[in-house]
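Produce the entire structure from the sequences given, and follow the hints as far as they go.
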Amino acid sequence: MHTAFATLAERSRGAAAGVYEYFSLAARATRALFSRPFYGRDILIQLDRIGVASLPIMAFTGLVTGLVLALQSEDELERFGALNYMGNIVGASMVREIGPVMGSLAFAGRVASGIAAELGSMRVTEQIDALQSFGTDPIKKLVKPRLLAGIIMLPALTILMDLIGILGGMLMALGDEGVPADVFLRGARTAFGLGGVLAGFMPRDFVMGLLKPAVFGGAITLTGSYYGLHATGGADAVGRATTRAVVVSSMLIFGLDYFLTQLLMVLLYNQQI
Amino acid sequence: MSAADQHQRPIREELRQDEQLETTAIAVEKPKIIELQDVWLAFDHPVLCGVDLHVHEGETLLILGESGSGKSTILKIILRLLLPDRGTVRVFGQEITGLSFEEVLRIRRRIGMVFQSSALFDSLTIYENVAYPVRENTDLDEYEIERIVREKLLFVDLDPDQVMDQLPAELSGGMRKRVGIARAIANNPEVVLYDEPTAGLDPLAVDTIIRLIRKLQSELGVTSVLVTHDLRSGFRVASRVNLLRDGRMVFDGTPEDMVASEDPYIQAYLSLS
Numbered sequence: 000m001h002t003a004f005a006t007l008a009e010r011s012r013g014a015a016a017g018v019y020e021y022f023s024l025a026a027r028a029t030r031a032l033f034s035r036p037f038y039g040r041d042i043l044i045q046l047d048r049i050g051v052a053s054l055p056i057m058a059f060t061g062l063v064t065g066l067v068l069a070l071q072s073e074d075e076l077e078r079f080g081a082l083n084y085m086g087n088i089v090g091a092s093m094v095r096e097i098g099p100v101m102g103s104l105a106f107a108g109r110v111a112s113g114i115a116a117e118l119g120s121m122r123v124t125e126q127i128d129a130l131q132s133f134g135t136d137p138i139k140k141l142v143k144p145r146l147l148a149g150i151i152m153l154p155a156l157t158i159l160m161d162l163i164g165i166l167g168g169m170l171m172a173l174g175d176e177g178v179p180a181d182v183f184l185r186g187a188r189t190a191f192g193l194g195g196v197l198a199g200f201m202p203r204d205f206v207m208g209l210l211k212p213a214v215f216g217g218a219i220t221l222t223g224s225y226y227g228l229h230a231t232g233g234a235d236a237v238g239r240a241t242t243r244a245v246v247v248s249s250m251l252i253f254g255l256d257y258f259l260t261q262l263l264m265v266l267l268y269n270q271q272i
Numbered sequence: 000m001s002a003a004d005q006h007q008r009p010i011r012e013e014l015r016q017d018e019q020l021e022t023t024a025i026a027v028e029k030p031k032i033i034e035l036q037d038v039w040l041a042f043d044h045p046v047l048c049g050v051d052l053h054v055h056e057g058e059t060l061l062i063l064g065e066s067g068s069g070k071s072t073i074l075k076i077i078l079r080l081l082l083p084d085r086g087t088v089r090v091f092g093q094e095i096t097g098l099s100f101e102e103v104l105r106i107r108r109r110i111g112m113v114f115q116s117s118a119l120f121d122s123l124t125i126y127e128n129v130a131y132p133v134r135e136n137t138d139l140d141e142y143e144i145e146r147i148v149r150e151k152l153l154f155v156d157l158d159p160d161q162v163m164d165q166l167p168a169e170l171s172g173g174m175r176k177r178v179g180i181a182r183a184i185a186n187n188p189e190v191v192l193y194d195e196p197t198a199g200l201d202p203l204a205v206d207t208i209i210r211l212i213r214k215l216q217s218e219l220g221v222t223s224v225l226v227t228h229d230l231r232s233g234f235r236v237a238s239r240v241n242l243l244r245d246g247r248m249v250f251d252g253t254p255e256d257m258v259a260s261e262d263p264y265i266q267a268y269l270s271l272s
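In the order they appear, the protein sequences are chains H and E. Just so you know, the first sequence maps onto residues 0 to 272 in numbering that gives the first Met the number 0. Just so you know, the second sequence maps onto residues 0 to 272 in numbering that gives the first Met the number 0.
Rather than coming from a laboratory, the hints here were simulated on the basis of the structure. One or more of the hints may lead you astray.
Only pairs whose alpha carbons sit at most 25 Å apart, straight line, appear in this in silico DSS-like list of lysine-lysine [claimed, not checked]:
1) H:Lys139 to E:Lys75
2) E:Lys29 to E:Lys214
3) E:Lys31 to E:Lys75
4) E:Lys75 to E:Lys29
5) E:Lys31 to E:Lys214
6) H:Lys140 to E:Lys31
Structural data, given as structure tokens:
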């Protein structure tokens, strides 16, 4: 019994230290975003590797999500004679919630694992020690470009994914139920405006759908970096770091989604919690 | 004659023939540029328990010890890649444990490190690897950087035109080690730290590395700290030897003193190495 408590206490201390180190890394990486050197070439490389190279998986996720959304909603809408509203449902769902969350999960599977594996293998082969020995700050050289790429590219990819998802929904509606494309698209456009606009032109739903992936992109790249930088040992340590990075990123996406939705409801829609 | 005596005889003979030892007397009269006093460090278990160590300008200190005795840890403490739990670490006359990150970077720029695994950046070409510390710490133009890279590759007996565009994975272990040395000296450091520079190499490659270390001593006059299991190679370059046991230094003297020591542990260590 005593041993069980001791083990529990030890693990709790380890978990608390891990959380502290994670937030320390987040703070240092955020500070690094605004300090020299900027490593422009590394940022461009990461924008390409993290962002552009994620295009196929994001497009595929968007297309399938749009198809499934339309497929799932058509029976219910048909029962109420409301098939012409399918565009509203698919559009609102994609932009507000499903696009950012599903896209971020797909992005996390590819990017968090890739970052953790790359930095983890650099850690265990002493390449990060070598960087430090040359006077390089690994946070600025390795974490900053990845963090920046996540924050910039995930919202951009989410816009694209939303569009492809809506297109997928439109194809399903057209092919399965004969809903005209212009009716579907008009419904989707109307759905954008339901939450009202900011600054006279920016739909609130769209803003929410962009702010969430920006935060998720930061959390995913930071989590991958954290587990990569903290890998110790050999190949098995890199494997463990990769798995943990994906699991924790996915959990963070769901947790942050809840809190961000609450926060943005207040900030963007002036709703009381 | 005991088995240990039989084994030690060739080492003694090698030592007598080795002109390198002539530098010992000169080196010890020069100022101490690295000094560790009462250094303690523990991870899951104690690693260093009150280590005292000093390195004079121009000398080559060999640190010996069993696997896991903390030899490489000492090198990382000198570079302040690790902070000791207790004790004083002075490098170039400055106590480094309390320095800011920027101040530490200035110290690191005066030290080169050759890593056990070479730690070459595997995504960069050999040219980019050797150029890295120069780019990171100077504002030299590309023409001048290429001149330095070529000079350093030639110094380690590699043909620049043959290897510059290759990736580290395309080179043999010995060639990678030589590139590691070229990279470590790219900024003309005053001190070079070697972590197991001959580990895993064939005898010819070992001989090449040892010749390079001696060339660095004689032609560039760099101060060296060498950690190795390879006693024979270590004795060929060392002007002084420290032996680490159970987290403490148990011997400090010349290679000849060590071979002549009556201490049972040292005798056993020499006979089994």
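To see whether the hints hold, each was checked on the structure:
For a cut-off of 25 Å, the pair hint linking Lys139 (chain H) to Lys75 (chain E) stands: about 21 Å separates their Cα positions. Distance restraint check for Lys29 (chain E) and Lys214 (chain E): the Cα-Cα separation of roughly 20 Å lies within the 25 Å cut-off, and the hinted pair is therefore satisfied. At roughly 18 Å between alpha-carbon atoms, Lys31 (chain E) and Lys75 (chain E) fall within 25 Å of each other, so this suggested pair holds. About 24 Å separates the Cα atoms of Lys75 (chain E) and Lys29 (chain E), which keeps this hinted pair within 25 Å; it holds.
For the hint linking Lys31 (chain E) to Lys214 (chain E), the alpha-carbon distance of about 22 Å falls within 25 Å, and the restraint holds. Between Lys140 (chain H) and Lys31 (chain E) the alpha-carbon distance is near 33 Å, which puts this suggested pair outside the 25 Å criterion.
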